[in-house]
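Student: Here is how the chains run, residue by residue.
Protein chains: 4
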Amino acid sequence: MSGNFTPKNPKFKQRVQQSFDRQQAMATLGASIIDIEAGQVSIRLPFNETLTQQHGFIHAGIISTVLDSACGYAAFSLMPVNAAVLTIEYKINLLSPAKGDWFEAVGIVKKPGRNVTVADGEVYANSGGDRKLVASMVGTLMSIYDREGVEN
Amino acid sequence: MSGNFTPKNPKFKQRVQQSFDRQQAMATLGASIIDIEAGQVSIRLPFNETLTQQHGFIHAGIISTVLDSACGYAAFSLMPVNAAVLTIEYKINLLSPAKGDWFEAVGIVKKPGRNVTVADGEVYANSGGDRKLVASMVGTLMSIYDREGVEN
Amino acid sequence: MSGNFTPKNPKFKQRVQQSFDRQQAMATLGASIIDIEAGQVSIRLPFNETLTQQHGFIHAGIISTVLDSACGYAAFSLMPVNAAVLTIEYKINLLSPAKGDWFEAVGIVKKPGRNVTVADGEVYANSGGDRKLVASMVGTLMSIYDREGVEN
Amino acid sequence: MSGNFTPKNPKFKQRVQQSFDRQQAMATLGASIIDIEAGQVSIRLPFNETLTQQHGFIHAGIISTVLDSACGYAAFSLMPVNAAVLTIEYKINLLSPAKGDWFEAVGIVKKPGRNVTVADGEVYANSGGDRKLVASMVGTLMSIYDREGVEN
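Protein chains in written order, with this note's numbering: chain A, 1 to 152; chain B, 153 to 304; chain C, 305 to 456; chain D, 457 to 608.
Bound-form chain A, shown alone (with noise of 0.2 angstroms):
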C-alpha cells in the first residue's frame, strides 16, 4: 500500500479530525485517531471486552467499523472542500482472530476519483512487542456534492 497524494484541502487534517469527532459510534467504541495524512488515517482501537464475540475476540463487525472509518476517512482527506464521504460497499477478509492489548486499523487510499475513490485498509493487533495483521479490507468510497443532511 502506498499513500502519495496531493490534498485538494490544505486543511484536510483539521477536517478529517472535526468529522471523526462527531462520529458517536468511535467514541462508544473507544476508538482515536492516531495519524491523519493525505490519502491515509490510523485509527486505534483498544481492546475491550464489551465488544467481542462469542470466543473473546473484538467482534468482526466492530473491527470493520473502526477500518470502514480509517478508509473513509484516508478518502476524506483527499476530498475537495464542498464534498462530503459516505460508504457504498466494502469487504472484509478475517486473517486472524482479533486479539490482542490493542488494535491499530489503517486506511490508504488506492485510487482517488471525482465521484468515486477506493480505499484499502489494514488492521494490525499490537500485544507486548508483536504486532500481527488481523484483518484487510477494500472499501469503495463515493464523493457527495451539496446535498441536503449530509455534510461532513
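One should not assume that every hint holds.
Under 8 angstroms between C-beta atoms, here's a sample of chain C residues computed to sit facing chain D [said to hold, decoys possible]: (1) Arg326; (2) Gln327; (3) Gln328; (4) Thr332; (5) Ser336; (6) Ile337; (7) Ile338; (8) Thr354; (9) Ala364; (10) Thr369; (11) Glu393; (12) Tyr394.
No more than 20 angstroms apart at the CA atoms, straight line, and that leaves these computed lysine to aspartate or glutamate pairs for EDC-like [said to hold, decoys possible]: (13) B:Lys251 with B:Asp282; (14) D:Lys467 with D:Glu505; (15) C:Lys315 with C:Glu408; (16) C:Lys317 with C:Glu341; (17) D:Lys464 with A:Asp130; (18) D:Lys464 with D:Asp602; (19) C:Lys315 with C:Glu353; (20) C:Lys415 with B:Glu256; (21) A:Lys11 with A:Glu37; (22) D:Lys469 with D:Glu505; (23) C:Lys317 with C:Asp434; (24) D:Lys567 with A:Glu37; (25) A:Lys111 with D:Asp586; (26) D:Lys555 with D:Asp586; (27) B:Lys251 with B:Glu189; (28) C:Lys415 with B:Asp282; (29) B:Lys160 with B:Glu201; (30) B:Lys263 with C:Glu408; (31) B:Lys263 with C:Asp434; (32) B:Lys165 with B:Asp187; (33) A:Lys111 with D:Glu560; (34) C:Lys312 with C:Glu353; (35) A:Lys132 with A:Asp101; (36) C:Lys317 with C:Asp339.
Keep in mind the hints are simulated off the structure, nothing from the lab.
Think of the CB as a built atom: it goes at the ideal place given N, C-alpha and C, for glycine as much as any other residue.
Put chains B, C and D on the given structure of chain A with help from the hints.
Tutor: Chains B, C and D only, in chain A's frame:
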C-alpha cells in the same frame, strides 16, 4: 432469498441463542435475536445516537456488526454439534442511509457446506409503519471442528 | 431476488440488445441474451472446453464475465437514454464447480439509483433436466452521463 | 503487497506452470505466465478486440479471469504436493478502463493457510512505456486435499 434446510442439530435454536448471548458486542449495541429458523436468523437493533457516524445515521460498521452476526448464526444453525463458526470474509453494500426507529438484520444461508457456508444478509430500517432496505451482505463462513479456544 | 421496476427508457430491450451485441467478448465466449426485462437480464453460456480451468470446469472468471454482463445490463435496462453503464466493482462466490451442458446467468437490480445501482446475480448450471446454482454475484454499477468514448 | 514465503513444494514453479497449461481458458484468451515466485505469479494478456465490451475496453470479466488465475496460482505455489486449489470467492474493483497494448496481472499471497489462503491482485495496462493500474482484486482460495476429480 430462501431458507429451506434441515438442521443437523435438533437443539439449534437453543444453541444459537446461547452463543449469541456470549457475544458481549451484541449487548453493548443493544441488539437482540428476534427469530431463529434453520438457516435463517433475525436480529433487532434499536436506533441509538451513540452508534452514529458524522451525518447522524447508524455507522455502516455497526450495521455490518449485527448483519455479520445474523449471517454467522444462520450458518451456525445448520452446523453439527461439534462445529464452531468463524467469518472468513464478508462484503456489504450500503444502499440507503441507516436512519429509522429500529433495524432488522436478516441472515439467510444461500449454500451450506461441511467446511464453507455462504449466507446472504439484509438490513431493513423500520420507521413508524415504513420498512426500507438499507444494506445487503454476502458472507463466507467457516465451520471449525474441534479447535481449542474456538467453541460456540 | 425480485425485479419490479419501471424503465425510464421505453426502448430498453432494444437498447440492451444493441449494446450486448457490441460486446465482442460475449460472441467470443458463445454467450447470448435469452431474456430482457426491466431490471433483469438473463444470458446463456453453452459449455465449451476452450473456457475451462485445470479441473475441466468452466473458469471462474468466465462465469464472472457473463454474470457481470447480466448484472450490468440489468442495471442499464433501468437507466435513462443519455446514460452509459460501467462496473465499479463486483464480488462473486463460487458455490459449486461450473460443470453442465449450459449455464444461465441472471442479473437482477437490487437497488437502482441515479448514479449508483446495485445488482445481484446468479449462475445456474443445466445438465439434462437438472438445474444447480453454481455462483452468486453482487455488483455495483455506475451511470455515466455524457462522457466521450463511453457510449452504450 | 509483499511475497516473502517459503514454498512447501520445491518444484512449485514447474507445478504451477503445468497446471496453468491445463487451463484451456488461458490459451483461449492468449494469456501466458511471465513470472512464478513463491507466493507471487504474473500473467500477461495481450490486448485483443475479441475480448472487449461495448466501449472497446477489455471486458471486466476477462480482466478478472487472468487476475483470478494469478491469485489462484500465487496461492497454489505455497501449497503442499497433495493439495489442489479452488477459488471460494473474489472481489474486483475496476479502477480505470482496460485499454492498452498488453496487461500484466499480478497475484500475491497476503495470508497463506492450511485450508484458506487470501491473495491480493493487481492488473496494469501497458501502452508504449506507460504503465497504469486498472484493477485490483482480493481473492479467497481453498486448499483441497485428496478429492477425486479435483487435481492440479
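Student: With reference to the structure, classify each hint as holding or not holding.
Tutor: Checked hints:
no., hint, in the structure
1, Arg326, "holds (4 angstroms)"
2, Gln327, "holds (5 angstroms)"
3, Gln328, "holds (5 angstroms)"
4, Thr332, "holds (5 angstroms)"
5, Ser336, "violated (15 angstroms)"
6, Ile337, "violated (13 angstroms)"
7, Ile338, "violated (18 angstroms)"
8, Thr354, "holds (5 angstroms)"
9, Ala364, "holds (5 angstroms)"
10, Thr369, "holds (3 angstroms)"
11, Glu393, "holds (4 angstroms)"
12, Tyr394, "holds (6 angstroms)"
13, B:Lys251 with B:Asp282, "holds (12 angstroms)"
14, D:Lys467 with D:Glu505, "violated (36 angstroms)"
15, C:Lys315 with C:Glu408, "violated (24 angstroms)"
16, C:Lys317 with C:Glu341, "holds (7 angstroms)"
17, D:Lys464 with A:Asp130, "violated (26 angstroms)"
18, D:Lys464 with D:Asp602, "holds (17 angstroms)"
19, C:Lys315 with C:Glu353, "violated (36 angstroms)"
20, C:Lys415 with B:Glu256, "holds (18 angstroms)"
21, A:Lys11 with A:Glu37, "holds (11 angstroms)"
22, D:Lys469 with D:Glu505, "violated (31 angstroms)"
23, C:Lys317 with C:Asp434, "violated (29 angstroms)"
24, D:Lys567 with A:Glu37, "violated (27 angstroms)"
25, A:Lys111 with D:Asp586, "holds (17 angstroms)"
26, D:Lys555 with D:Asp586, "holds (12 angstroms)"
27, B:Lys251 with B:Glu189, "violated (27 angstroms)"
28, C:Lys415 with B:Asp282, "holds (17 angstroms)"
29, B:Lys160 with B:Glu201, "violated (40 angstroms)"
30, B:Lys263 with C:Glu408, "holds (18 angstroms)"
31, B:Lys263 with C:Asp434, "holds (17 angstroms)"
32, B:Lys165 with B:Asp187, "holds (9 angstroms)"
33, A:Lys111 with D:Glu560, "holds (18 angstroms)"
34, C:Lys312 with C:Glu353, "violated (40 angstroms)"
35, A:Lys132 with A:Asp101, "holds (11 angstroms)"
36, C:Lys317 with C:Asp339, "holds (9 angstroms)"
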